Every structure is written in C-alpha cells, then in structure tokens.
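Chains L, B, F and S, in that order, give the protein sequences.
Note that our numbering has the first sequence beginning at 1, numbered continuously upward.
Note that our numbering has the second sequence beginning at 1, numbered continuously upward.
Note that our numbering has the third sequence beginning at 1, numbered continuously upward.
Note that our numbering has the fourth sequence beginning at 1, numbered continuously upward.
Please keep in mind that the hints were generated in silico from the structure rather than gathered at the bench.
What you are looking at is a predicted structure, and each value in this text was computed from that prediction instead of being measured.
30 Å max Cα-Cα, derived DSSO-like pairs, lysine-lysine:
hint : chain 1 : residue 1 : chain 2 : residue 2
1    : F       : 188       : B       : 190
2    : F       : 2         : F       : 148
3    : F       : 188       : F       : 47
4    : L       : 47        : L       : 33
5    : S       : 2         : S       : 170
6    : L       : 129       : S       : 45
7    : L       : 47        : L       : 170
8    : F       : 190       : F       : 170
9    : B       : 129       : B       : 112
10   : F       : 131       : S       : 122
11   : B       : 170       : B       : 190
12   : S       : 112       : S       : 122
13   : L       : 2         : L       : 148
14   : B       : 27        : S       : 148
15   : S       : 148       : S       : 112
16   : F       : 170       : L       : 45
17   : S       : 38        : S       : 188
18   : S       : 47        : S       : 27
19   : F       : 33        : F       : 45
20   : B       : 45        : F       : 148
21   : S       : 45        : L       : 131
22   : F       : 170       : S       : 129
23   : F       : 148       : B       : 33
24   : B       : 122       : L       : 122
25   : B       : 148       : S       : 27
26   : S       : 170       : B       : 45
27   : F       : 148       : B       : 38
28   : S       : 2         : L       : 45
29   : S       : 148       : F       : 148
30   : F       : 188       : F       : 38
31   : S       : 38        : L       : 148
32   : S       : 129       : L       : 45
33   : B       : 170       : L       : 131
4 protein chains.
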Amino acid sequence: MKVELINHTPEPGRSAAHAALTCYSEKVPEKEKMSQEKIEEILEKIKESGHHSIIEHASFTFAIQEVSRTLTHQLVRHRLASYSQQSQRYVDIEDLDPVVPDSIEENEEARKRFDGLMEEVKDTYMELKEKDEVPLEDARFVLPNATKTNIIVTMNARELWHFFSLRCCKRAQWEIRDMANRMLELVKDKAPIIFEEAGAPCVRGPCPESEEFFCGEPIED
Amino acid sequence: MKVELINHTPEPGRSAAHAALTCYSEKVPEKEKMSQEKIEEILEKIKESGHHSIIEHASFTFAIQEVSRTLTHQLVRHRLASYSQQSQRYVDIEDLDPVVPDSIEENEEARKRFDGLMEEVKDTYMELKEKDEVPLEDARFVLPNATKTNIIVTMNARELWHFFSLRCCKRAQWEIRDMANRMLELVKDKAPIIFEEAGAPCVRGPCPESEEFFCGEPIED
Amino acid sequence: MKVELINHTPEPGRSAAHAALTCYSEKVPEKEKMSQEKIEEILEKIKESGHHSIIEHASFTFAIQEVSRTLTHQLVRHRLASYSQQSQRYVDIEDLDPVVPDSIEENEEARKRFDGLMEEVKDTYMELKEKDEVPLEDARFVLPNATKTNIIVTMNARELWHFFSLRCCKRAQWEIRDMANRMLELVKDKAPIIFEEAGAPCVRGPCPESEEFFCGEPIED
Amino acid sequence: MKVELINHTPEPGRSAAHAALTCYSEKVPEKEKMSQEKIEEILEKIKESGHHSIIEHASFTFAIQEVSRTLTHQLVRHRLASYSQQSQRYVDIEDLDPVVPDSIEENEEARKRFDGLMEEVKDTYMELKEKDEVPLEDARFVLPNATKTNIIVTMNARELWHFFSLRCCKRAQWEIRDMANRMLELVKDKAPIIFEEAGAPCVRGPCPESEEFFCGEPIED
Numbered sequence: 001m002k003v004e005l006i007n008h009t010p011e012p013g014r015s016a017a018h019a020a021l022t023c024y025s026e027k028v029p030e031k032e033k034m035s036q037e038k039i040e041e042i043l044e045k046i047k048e049s050g051h052h053s054i055i056e057h058a059s060f061t062f063a064i065q066e067v068s069r070t071l072t073h074q075l076v077r078h079r080l081a082s083y084s085q086q087s088q089r090y091v092d093i094e095d096l097d098p099v100v101p102d103s104i105e106e107n108e109e110a111r112k113r114f115d116g117l118m119e120e121v122k123d124t125y126m127e128l129k130e131k132d133e134v135p136l137e138d139a140r141f142v143l144p145n146a147t148k149t150n151i152i153v154t155m156n157a158r159e160l161w162h163f164f165s166l167r168c169c170k171r172a173q174w175e176i177r178d179m180a181n182r183m184l185e186l187v188k189d190k191a192p193i194i195f196e197e198a199g200a201p202c203v204r205g206p207c208p209e210s211e212e213f214f215c216g217e218p219i220e221d
Numbered sequence: 001m002k003v004e005l006i007n008h009t010p011e012p013g014r015s016a017a018h019a020a021l022t023c024y025s026e027k028v029p030e031k032e033k034m035s036q037e038k039i040e041e042i043l044e045k046i047k048e049s050g051h052h053s054i055i056e057h058a059s060f061t062f063a064i065q066e067v068s069r070t071l072t073h074q075l076v077r078h079r080l081a082s083y084s085q086q087s088q089r090y091v092d093i094e095d096l097d098p099v100v101p102d103s104i105e106e107n108e109e110a111r112k113r114f115d116g117l118m119e120e121v122k123d124t125y126m127e128l129k130e131k132d133e134v135p136l137e138d139a140r141f142v143l144p145n146a147t148k149t150n151i152i153v154t155m156n157a158r159e160l161w162h163f164f165s166l167r168c169c170k171r172a173q174w175e176i177r178d179m180a181n182r183m184l185e186l187v188k189d190k191a192p193i194i195f196e197e198a199g200a201p202c203v204r205g206p207c208p209e210s211e212e213f214f215c216g217e218p219i220e221d
Numbered sequence: 001m002k003v004e005l006i007n008h009t010p011e012p013g014r015s016a017a018h019a020a021l022t023c024y025s026e027k028v029p030e031k032e033k034m035s036q037e038k039i040e041e042i043l044e045k046i047k048e049s050g051h052h053s054i055i056e057h058a059s060f061t062f063a064i065q066e067v068s069r070t071l072t073h074q075l076v077r078h079r080l081a082s083y084s085q086q087s088q089r090y091v092d093i094e095d096l097d098p099v100v101p102d103s104i105e106e107n108e109e110a111r112k113r114f115d116g117l118m119e120e121v122k123d124t125y126m127e128l129k130e131k132d133e134v135p136l137e138d139a140r141f142v143l144p145n146a147t148k149t150n151i152i153v154t155m156n157a158r159e160l161w162h163f164f165s166l167r168c169c170k171r172a173q174w175e176i177r178d179m180a181n182r183m184l185e186l187v188k189d190k191a192p193i194i195f196e197e198a199g200a201p202c203v204r205g206p207c208p209e210s211e212e213f214f215c216g217e218p219i220e221d
Numbered sequence: 001m002k003v004e005l006i007n008h009t010p011e012p013g014r015s016a017a018h019a020a021l022t023c024y025s026e027k028v029p030e031k032e033k034m035s036q037e038k039i040e041e042i043l044e045k046i047k048e049s050g051h052h053s054i055i056e057h058a059s060f061t062f063a064i065q066e067v068s069r070t071l072t073h074q075l076v077r078h079r080l081a082s083y084s085q086q087s088q089r090y091v092d093i094e095d096l097d098p099v100v101p102d103s104i105e106e107n108e109e110a111r112k113r114f115d116g117l118m119e120e121v122k123d124t125y126m127e128l129k130e131k132d133e134v135p136l137e138d139a140r141f142v143l144p145n146a147t148k149t150n151i152i153v154t155m156n157a158r159e160l161w162h163f164f165s166l167r168c169c170k171r172a173q174w175e176i177r178d179m180a181n182r183m184l185e186l187v188k189d190k191a192p193i194i195f196e197e198a199g200a201p202c203v204r205g206p207c208p209e210s211e212e213f214f215c216g217e218p219i220e221d
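Here chain L stands alone, though its shape is the one from the complex (with noise of 0.2 Å):
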C-alpha cells in the first residue's frame, strides 16, 4: 500500500477560519491579512461550538496505491467524495501481485494455498484475454477480491473527520484502517489544528460503542 496526498487547498486552516469569521462579521474578512494567532483562536472557538461546516471549504486529494478490491469497494461507499479508480474494463491486469492479508501471510500452509491459487488465477486470466471473443471486461471476472487497484480519493476535511471517526476505529477492517491511519497522519501534518482531534472516537472521549462491540483497548491519551 501506498499512500500519498497529492494535492489540497492551500492554507486549509486559514480558509476554515477566514469562512467562519464571515458568519459572524459585517464585511468579508481579508483572509490574508488574519494573523496566525487569529486563525488558531477561530479554530479553537469553532471546536467548541460545534460549526463543523466550515472545515469543508478545505479539500484533500490521496493517491492510494496497491490496494486490494476489498478496500475499494468498501471505500467508495463514502459518498461525499470524489473518485478515479483504475478501470479493471480497460486496463489489461499485466501483474496479478494480490495482496496478502496477515493471517494467510503468516500461516505456511495457508500462503501456499493461497499463492497456488493466485497463480492458477493469473494463467486463467491471461488465458481468457488471449481468446478474441473473451472481451477484457469479461475476463476480469476471474480476478480476485485480493486485485491491487489504485485510487484517486478527495474529500473535504468534514467528510475526512467523518471517515477517520469510521475506519480509524479498530472495528474497521485492517486494510482500510491502515489506509485511514495512513491519510490521518498525512493531513495532520497539513493542517495540524484542524485535524488535531481526528481519528477514531476513543481519541476525543469514551468510546461510543456498545459492550458487544466495544475493543477493550481504547487509543490512550
């Protein structure tokens, strides 16, 4: 897996603070003219107060790379985002390379079989697109969920925040929360007070789940 932030609003802090300060002014602030201090004392009031939309005037962009099916298509369920996803219609899957899930990894006899099979799959596959009337749509039907895929991913600090809360918590899956901690950390770097707070519940408070799904390890402070 590989993920990288590619591109963002500039100065998401300054753009969060310069649109709540609007709410609450006459004129039109001038946003390059807010000092440091200004931004972060907005920011810190804005937290407190609850006015989370204004953080969706800042957008992020991730290239996410070498990730399986399984992550995609729980991913794009997030609908307040924007995506481009390597077309498995148009794009001939020169190299199977799955990933590997831990606990096949680690367990030798299950890695075989599963490296067996990825082989068999890899041949059926080449086999299948070689024949005219086996369209390249059609022979990806062979593929399996473990396909590495890349994406294209932007979403809005409010819909990250949202995401984070979701997939950073450990009753996510583990491919997408490695991929969630991953941007995480990215955008904090980015926008530090904005996303200070961010990542599963148990960062900010108790955790919201109930006793059945609770994890026993909340993140500690």
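Given the coordinates of chain L, assemble chains B, F and S onto it according to the supplied hints.
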C-alpha cells in the same frame, strides 16, 4: 440476476405533481383532491420546463440478487442513493455460484477453464476459512469478481433518470445494463408518466456521444 | 405554522430491518414474511451496532405551510433532502400575513411598530408590482423575512435523525425548532422504533455542547 | 456585488488529467511529470468521452459580497457545495444598504417608494433590537429580501459546470446570473481548458429549452 421493486413512495406521480403545484400556488394544494387529469397536465408541463427536482420526492427501493461484485462495485459509485449490501466480512459464502459472462459461457474452452478455476477458488476459500488463524474477512480475499452478491438499493426518481441515462446505454457494461433495463421496466409500470422518456439518451433524441463512442445502433422509436 | 406528513415509504421499520438482514444473510429475505417481533429485534440490534445507513431506505415527505422565509433559508441548508418551495418569482403574495415572533407579539409597542411596517410593505409591494416596468421578481425585494411561505420537504430517516439532533435542541432558533418538534412527533407515530430516541442529543445522554453553549435545561427522561 | 475567487485546488487542469490517467493506467502516473501538452490532450479526450467525474477533484472557493438574501436563498439550493453565510441571527445589520433591482432603480416613482420603505425598515429594525425583550434573531424578521449579505461558497468544477448551465442562462434571475457570469470569468482564468465550454447550454449547442421557455437570443459563438 433477480431484480424486484420491493418498496416505493405511494403514488409517485401525484407526489411529484403536488410538489410542483406547491411552487406555483399561494397555498399548498390538497394532494388527495388532485384529479388524474390535473396530475398528468402538470407532469407534462414540468417535462417541458426542465423543473426536474420535483420528482425527487418519489423514491424506489429494489432488491437486487445474484449479481456479481463487478456489478455492485460500479453500482455503488452512484452517490445519490442508499445501499445495503451483503457483507463478505460476515456472511459465509457457502455456495460460490459465480456469474458467468456470455462470452465465456459460449466458448467451450473458456467455460471449462473458468469452471475449473472456480472449483479451485471454492476449495481454497473453504480450506482457508476452516483455519482458526484465518478469519472470514481474510479468506474472502480469494473470492473472484464473479462472486454473487445481493444488494438493496434506494434511489429517488431524479437519480434513477440519471442512472438510466448512463446505464441503459450500450456503452455500459452488459451486466449493469441488464439490471438497469429491468429496473426501468419495473418503475415504468408504477410511474409511467415520470419514466416515459427515461433510458439511454437515444430514447429521447440524437445520441450525445462523440463519433468515437457512438454505438451505431440507437434505440428506434 | 402547519406541518403535515403527506407521504412516506410504506412500513419504514420493516424496510429498514429487511435491508439490515440482507447485509447478514446468504439470500435476500422475504420482506413480507418477517414477523413484527423479528423486525423489532433487528432494529434494536442495529441501534446498538451503529449501522445507521439502513434507515436511509425509508423517506418521509412533509408539507410545511405558513412559515417564515427566515425558517426556510435555514431549512434548505440541509443538503441531503429534496425541496419544492413556493416561488416568490412566480407567485403573487396577495396576502402578506407575516410570521410574528413571540417577543414582538407580546410587547405592545414592538407589535404596533411591526404591524405598521408590514402595512407599509404590503402597500409598497402592491404599488411596485402594478407598474409595468417592475416584474414580480423585482417587487418581492421589499418582502420581509417574516413573509409566509410553503415548502414540501422529503428527507430519509437517517437525515431526519441528524436534522432533529440539531434543530430540536434549545440552541436552535425557535421557529425551526417548533417545526422540527412537530415533524418528530409525526414520524414517531409512523415509525416508533426508528425514531424512539430521535431528537436533541440530551434525549439520549449528556449534552455534547461545551459549557458556553449548554442550555442548562436538558430534556429529562 | 463583489465576487472574488479566494482559493482553489492548485493546478486544477493537472489534477483532473492526472485522475483521468489513473483510471486507464497500470500505475498511478507521476503528477508533476505530466507535460502541459499531455494534460491538454487528456482533457480534450475526456470532454469527448463524457467522463465528467474527474474534474470533481478540483474545488474553487468564492467570497460573494453585497448580494441580496433573495440571491442566497436560491444559491444554497445547490446542494453539492459548501456554504458559510453571514448570520442575521448573530450579526447586527448596522447598515441596511439594500440591493436595488434595475427596474426599480430606473423608475423614479418606484425608486422613491422603495427608498422610503427601506428607511422605515431601518428605523423599525433599530427600534426593535433596542428593546431588551426583542433579541436580534427576532428583530431581523422585518429585514427585506433586498438586505445585503455575504457568503463563502466552495464548489468543485463539475458542480460549477452544472451551476453555470442553469444560472448563466437568460431564464435565470438577473442577480444570480450576474454572479454566475462573474464566477465563470474567474474560474476560466484559472482553469481555461476545464471551463472552456462552460456556461449556458447555448454556448455549446442548440438551446435545450422548449419553445415556451426559449429566450430567442442564444449566445453567439
């Protein structure tokens, strides 16, 4: 594939017409008192004026069964909709029973190869999930795109129009096109005026595709 | 203000429970065969697990009458909803009949001043729109926030939950809070399990507001 | 009215082209290494293929000042966008300074009447808000649609396209059309290829309106 319309806003046409009339009236009209003629008259006018938002008040829920994960990965990219999909994380896929593309079905060699691989997949999946160390959510990494899945989908009439424009077109992938056509037939039955001209753009006028993408066989009136 | 529930997805609870069960079953269950007990059992479980998306399959349509434009300007900021609002561009507001805030109603001097101004507004609006050169869409520039308007609103149950959390809270402006409370009562009647704990957050637990914004009077159980 | 583009995703064209290329490549291409020629070539192809989603990765933020509440009530109906608007609940509108439609401005009698009423409104608002019993959020009920307001708007390029199609058209109300035209000019400057053909539909081809709504003066090439 099995496509059922399992629920919808009662009287979609009346609802849309009533909403439209509200925009142009001093008082909210009495919905139940609108005559069928009045409803039809309003809906015809709306079509001409391009006031599409009024059909958003009618929603339709479909149960889609036995389609491939290839299909659902495309489907859930439509963001103005609600989805509940069978979870491969929690549901043990006891019977793989894959979707087989026609191009493979009709080529004996391809079909044999495909079937052979599917048997291998089934055995591997069974063997992996029987290991204590490999949870179901990891065993599924070997399942192919062809694996059957079920999904409940709710879209409002406006989003359905958009969906049909893209997915009933011959440029769409065959499986999702088949599904879209079945959905269209079902909603046409319940809301004939609203969906009268829904479908691929060539139902309504000249194909908007560029020469490169024109299928050459627009739907005839 | 008049708030009516004029349409909704039939059997919202059954629909939500059916969608939930689909996620965890090998086959799509038969919706009509689910017993009331089964439905309740599933919905209770869902509440605990935080699997909120399943209630999106149920939508509710309200006719809201005789509310101020102040209210609707706030209302339409909720983006996951569908609206059809009386148009001031096309509808001649023959009878201004403004919404009067209690604080003005109950202060004789304020009320007199307010009424006097409204008479002035009415006369000016009439005079302007009678001029051939001034179209209705320009005459309305003199109409006040207090002007009554009508709007048809459709939201799904999940968005309604979110809406009630914000707008039933005492921090919300009085008019939209009044409307939200009426809407809540109406949907609770039709879908009691789904909306059992809906409303301001203090219905469900401690107030999430910071000290500065805490109203001091949480709703008691 | 004052319309400024105060922020945007850096290099919108490069971002969109990079996302498009990702869909059709085995690896995510290196964004910074794409030549200007390559970018233009991809964007031209995309235009033909109708693959609009790739321009969603570029967002634009505008500061809109001194527009009427009539305008913003229309504007915020566009749901795929983020807004931060001056609050009449919290901001004391010290200087009413209304937006005056040309049709009123240019008619001496109408203008006089309008100005007279605005003076009355100002006095009433001042008097009301000075009473301890009447909070600012109630005093504003007398403020007219013409009242000036400020709003920060963020939309991605795809939603902007849609917005321009509706709001640059002569059927749109004059004030929002003026604003849309200014926004279009600003983004065309920053992302000329993406917005080359944006605007009212008659910029790109024949008017899609029915005879009844055709303005008779399509924009000439």
